[in-house]
Structures are given as C-alpha cells and as structure tokens.
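Next come the chains, spelled out residue by residue.
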Amino acid sequence: MDLAASATASDRLDFSADDLLASEEGLAPLLANGVRCHGGFDADGRYRSPRTRHRTPAIRAWQERLLREGGELLQVAPELVPPQYPNVAQSKLLLGAGVRDPIVRALTTIAIVEGFGAIIRDVRVPELARLVREPLDGTAAAHLGRGLFEAHARDEAGHRDEGGHKQMWEAARDLAFESPRIPPDVLMRLLGRRGAGRERRRAFPSLDEALEGMLATMVNVLVIEIFAARTFEWGIALLSDPEVSAKPAEAGAMVSYIRSDESPHVEYLRTALSELRARTFVTCDGQDLSGRQVVDGLLHRSLRVLTTSRPAEQRAETRSSLADAMKAAGARSGLLEEFDALETPFTPPERTGFESAS
Amino acid sequence: MRRATRLSRALRIARAGVAIWLIYKVPALLRRVFRRPPPDDLGPSHERAARVLLSAALDLRGVVIKVCQVVATRSDVFPPAIVRELKQLHDAVPPKPFAVIREAIERELGKPLDAVFAAFDETPLASASLAQVHRARLHDGREVAVKVQYPEIETIVRGDLEEIRRACRLYERLDPQPLELLPLLTELATHLALELDFRREADSADRVREIFADDPSVVVPRIHREWSTSRVLVMELVGGLKVTDRDALAAAGIDPADVVQDLMRVFVRMILAAGFFQADPHPGNLFVRRDATHGRQLVLLDFGLSKELPDGFGMGLFELMFSMMTWNEAAMIRAFRELGFETRTGDPSTFVGIARRMMRRSDTGRFEGELTEEMTDELFEAIRENPVVRVPSDFVLVGRVFSLLSGIGHTLGRRANVLEAMGASTR
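Residue numbers (the working numbering), protein chains in the order written: chain A, 1 to 358; chain B, 359 to 785.
This is chain A alone, in the form it adopts within the complex (with noise of 0.2 Å):
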C-alpha cells in the first residue's frame, strides 16, 4: 500500500474506535450486481476504501514513529508466496472447455473465507499494558481492540447495509459468469470439519496464553493477507478477461477494490507485529522474554505450513475433484494432460527469513 500517497501527514497518534471505523464523507455509493457495498467513489471517480479516513493516516504515523525510534518493519520475501492453483491460464483453459464448477466453486470459497475474516473482531486483546514491558501508548498495537480488529471485520463481512469483501467476490463471480449454478458441494467441503479452528499447540507455553492467542493470529491472518496477492491478482486477470468473462470491466474492478481494500489490513497488522516485536513481553513468571524471539518463532511456523503442506493439500483437493467435473461438463480427452502442463511450478525456500527465533 502506497500509505504516503494516500493519506494527510499527520503526527497524530492516538485515535478513538469511532476515528478508526470512520469513511471518507460524500462518496458515489459502490453497488454491484445490486448489492450495496462498502466504500465509494470520489470527486474524480476514484475508487475509496471504507473506513479509511483516520486509519490510513493513523498507520502511516504509527509506521513513521517505529522507523524513528529505531525499529523496522517485517518483511515476508516475496518468493514464499505460493502461484494461486489453478492459475489464469489453468482456469482459462477450464472454462474455454465448458468446465465451470472448479472456478465457481473457487471464487465462491474465497468470498466464504473473505467472510470469515470477520471472526478476528473476537480475538481477545489482553491488557498489553501488564504484559509488555515498554510503554505501547501511541502505536498501533494500543488500538487493536480499540478499532483495527473491528474495522478489519467489517471491511471482510460487510456491516450493516453494506456489502463487504464476502459480498464483493460474490459479485464479481456472479458479474463475471451471469449468476452461475453454484456447485452444491461447496458447503461440505469448507464446513465443519474436525480441529477447525479449535486445537492450537503452544508455541511459548510461559507466555500468557491470551497474548500468544492474539500474536498467533495475527501472524496468521497477515501472512494469508500476504498470499492473498496472488489471489487478487488471478481473480483481476481472469475476470477481467472478455474471452471469459461476460462483464470484464466491472468483474475485473470489483476484485481491484477488494484488493486496496486489504491493503491496510497487511499494514496495520505489520505495524502492531513490528511494534511488538522491538519491545519485551513479560512471561507468566515475570521474567522477560524478546518480543522479537516470539513474533518471529510465530511467523517462521505459520511460513513453513503456508509454503509447504497447505499449497500441497488445496492442491490436491482440488485436482481431486477435476476429473469428475470435466466428465459431468463432457470436456474432451487429455483436457487434464493439458492443465497439469500449465501449472505454475512452485518450490519452497529452504528459509523463511524468521529462523533465528526458532
């Protein structure tokens, strides 16, 4: 995100949740496929992302204090990031063979998850305060709680009259495929299956359990906001593609508005990561314990399953179901010959730039 390029220099530093949650004011409404979304379009015509007014400004200033004081921001090298499976040309290739269900089924899991993205509103914030040695005042880990985690929900699932990212892919696929046949499986794959969500094994079983909870999380959900760049950008060429798509201009642009959208969801997250990475968390037994050992020991396990066994399991649960759905679309012969040739090669890094902590 081009934080400098959009946002008012400000050297303001504390912000309430009302700040936090609050839009640009005047926008042309956004509506797609007769849905009200978030966000809107400026003066110029310019696409604006909700709840932007304070919170871009606000992380620039938290960004520029770090720097100042000697911190840095975490980086995730761009070469971990796994291609998106199928890619444009795999998917291209489907739909040119009438094989539609595997794409649809895609961009509809996807606006799913978007929509789960909501769940980070109850992440439990502990008093930081108590845990962390340094003083927090000022920075954006001090407003977790206090308006990033909820404008973060509400950008996913949408709020109130307003549509969100669930709502937006939804109508890009629907845009783009005219309101396909939704494959009835999709449901049953992404629902309720065991040890969603529930079991997680304790990284630094000497810190407080809430704090690790909500680091662990964060780290989580930056790194897929990270992966996702390969997401936006396969659904923005893809969609915006007249050989697929029947509307390529709006199909394309709504997924370009989902995908400023998320900007500030990596930024803010990197912030607060890197505000605490620079500073010491106090264990359950009073004894310190490096910020920096803990963010990076996280990060360096969440990297390894989201490079390795992840890609590897998506891959294989979707290649799984492709013969079935090219017979039930009759597709001719050698069709997955062709579309296992056009997979983007993809191979870990031996390192994810965090192993020191580990």
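Honestly, the hints are just simulated from the structure, not real lab data.
Treat the numbers as computed from the prediction; the structure is a model and nothing was measured.
Mixed in with the good hints, there may be bad ones.
Just some of the chain B residues that point at chain A, by a computed CB distance under 7 Å [claimed, not checked]:
hint	residue
1	V626
2	L630
3	A631
4	G672
5	W685
6	N686
7	E687
8	A688
9	T769
10	R773
11	L777
12	M780
Positions of the beta carbon are idealized from the N, C-alpha and C atoms, including for glycine.
Once you have looked at the hints, place chain B on chain A.
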C-alpha cells in the same frame, strides 16, 4: 384399536379442548359483562392451559405427547408460558410393561424373543412417545439396542390426529382471531408418518454415517438390518457419557467446551453442508466417549426425526446465520427472502424490522459470533410480532435444533462459537 377405546380417547381430547377454550373465553366474557379492560398479561391463563394439555398428554401419550412436543418447539407461534410448560414432555414419558413389548417384538420378527436374542433386559434404556428402547445381546455375542414401536400406535396416531384436527377446525370456526393450527397439524402428521417407519430411520442413520465417513470423531450406530422391520429396530449398542453430565465428562478428562464446539460443528456440517440432519438433538440422543484410537467422539442416536433440506436451503441458512453473526443487515434481508420467508404485504420493511431488532441486540453486548438460545427466541418473537405470513417449516426445525444445542451449552456452562464451528479460523 377397540371402538370404546377410541371413543374414550376422543372424549378425553375433547374435554381438554373445551377446558382450554374455557380458560380463555370465560374471563373474556366476564370482562365484557363487567366492562373491564383486557389484562396486561395472559401468562397465568397460558400456564393453566398448558397444564391441561400436559395432563392430557400424560394420560393419552402417543400423538398427544407429540403434539405437545411440537408446540413446545414453536416459540414463533405459541406464547413462552405454554412453550416452557410443555418442554417437560421431552424427558417424561413412562414406559410400557415388558410383556407388551415382548409380544410386539415376537409378532414383528415372527419368532420367540430368545430365538433372536441370547439376553434381553426387561428394563428399558429409554422410553418415548412412540417407542421404547431395550438393551439385548445377540446369539453371536454382539450387544445391541432394540427399539420397539408401541403396539397399535399407528392406529392410535391416526385416530388421535383425526380428533385433534376436528377440535382445531371447531376452534378456528369459533375463535374470531384463531392461531393457525391446522398447518402445524399437517406438518406433524407428515413427520409422524416418517417416524413410524423404522426402515426409513435405518436409512437415515446410514446416511448420516456416510456424511461423517471421513470423520472418526462422529459415531452413528450400525443397524442390524436382518433383525429390523418397520416397527423394530436392532442396532449396535454404543455406550458413552450423557452429553450434559458435567461430572462424568470431567472425570473422563473431557473439556465441556470441546463437547459444545463438537456438537455445533457436527450439526453445522449436517444442516448447512450436507442438507440432511438428525433433527432431534435432545440430551438423551447424544453421548460422548473417549476412543483409544480416535480420541473424543460424539455418538448420535435416534434418527426417527431426520430431515432432508431442499436444494440451496443450506446455503441460504448459511447466509442468514453468517449475516446475523456479522451484523450485516442487508445480507440478512436477502437471506430471509432466499429461504422463502414471506410478509403479508410483500413489503421488505418487515424483514428490515426483524433484522434491525437482531442488530440492536448485537449492539447491546458482545455477540462473539454466537447463535444463542435467547437469540433464536428473540428472532421468533420478532417474527410473531411482525406480519410475516410464511416461516418455512424447515427453518423452524433447524431453529429448534440450534435451540436444543444452545440449551446443552447452557447446561454445560459453555458457549459455542458458530463461526468457528463452521470452520472460520484465523489461526
């Protein structure tokens, strides 16, 4: 069923009907004569009426108990005082003598009891409105549960339904503002016909087992089809701890929070994802056990009331639940429509009203992605107060399931997070 028995049942039903009618109409008549204003609270009258119904149900059993159980689940139609009183019937059905049960089994299987079973416990494990369950052992040593339908229950059900229908028609003719009871009765008759066919129950058990074929944490007892008929069901005996027994769970090292979350996850998968579900998750039908290989397991019993949802209904429900949990009013209104709710005028403002009511509730306290019993009740209350003329019956059944699950959560002192149960995870 003998003619005299049928007549006496009809008279008992009529007596209850008249008593209830008088409970409401005599005070109304007196008020009119003495020109008194209507009472603020009809609660005491509702409680008296519910007690009359309860007494008739315990006398007549069978379909009358079923009717009362259905009433107890329809907080969208009936006042809370009635619903509260009749909820007792979920756990309080006395069993039939063993001689009656033995005769029923032998008639169904065409063999003496000991030709099929090496041992048969005369004391039932459970008794309900239509059938009771006994523990037994087959000659090959396998332990089984035998569910036996009460003799002549089909005829009794048919006769009672006819009498109740007659009473309802009379009530609708006499009362200037009657509750619409006949559609509920038709729905009940449909469910009863399904529940009385144990072959269908066996099919439902197999279907639910198939839904969880990849999930060893869910156990559905296997049916011994060779000894099962439409009135007798012989199934694998699967033990476990009663889902609401906190002490036993603690002694087994099982965290009640995990049990509540498992329950929510399992029913979310059946209802929203598979579109087929066991629709009667009261505590007697749910066990928890610890397996050496698979760890904590949830045992599902009794598939008599199982339901297939129409295509797309699961997705509609998902959208409704999701929008309620994420405070998205516009999406909630769309979901209401997709599910088949209809307003008297077709005006969406009714849905807006219901949605806003739900949203206001969310504003008053932290909601945490939960669908609570209070919230389900609140939704039904909102529907009752607004001119919604069609609430899909499938929705009512699903609402009841989540209400029962939330009740179990209350008993265990734990709450389920539905978003998490759906698979939402930020971890």
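To see whether the hints hold, each was checked on the structure:
For V626 of chain B, the interface hint holds, since its Cβ comes within 7 Å of a Cβ in chain A; the closest pair sits about 5 Å apart. Interface hint at L630 of chain B: satisfied, since its Cβ lies 5 Å from the closest Cβ of chain A, which is below the 7 Å cut-off. The interface hint given for A631 of chain B is met, as the beta carbon of that residue sits about 4 Å from the closest beta carbon of chain A, less than 7 Å. At a threshold of 7 Å, the smallest CB-CB gap from G672 of chain B to chain A is about 6 Å, leaving the interface hint in force.
Given hint, W685 of chain B at the interface with chain A, holds; its Cβ is 6 Å from that chain's nearest Cβ, closer than 7 Å. The interface hint given for N686 of chain B holds, since its Cβ lies 4 Å from the closest Cβ of chain A, which is under the 7 Å cut-off. Taken as an interface hint, E687 of chain B checks out: its beta carbon lies about 5 Å from the nearest beta carbon of chain A, inside 7 Å. Against a cut-off of 7 Å between C-beta atoms, the interface hint on A688 of chain B holds, since the closest Cβ of chain A lies about 5 Å away.
Proximity of T769 of chain B to chain A is violated relative to the hint, the smallest CB-CB distance being about 20 Å (cut-off 7 Å). A least Cβ separation of about 11 Å between R773 of chain B and chain A goes past the 7 Å threshold, and the interface hint is therefore violated. Among the interface hints, the one on L777 of chain B holds; its C-beta lies about 5 Å from the nearest C-beta in chain A, closer than the 7 Å criterion. Proximity of M780 of chain B to chain A holds as hinted, the smallest CB-CB distance being about 5 Å (cut-off 7 Å).
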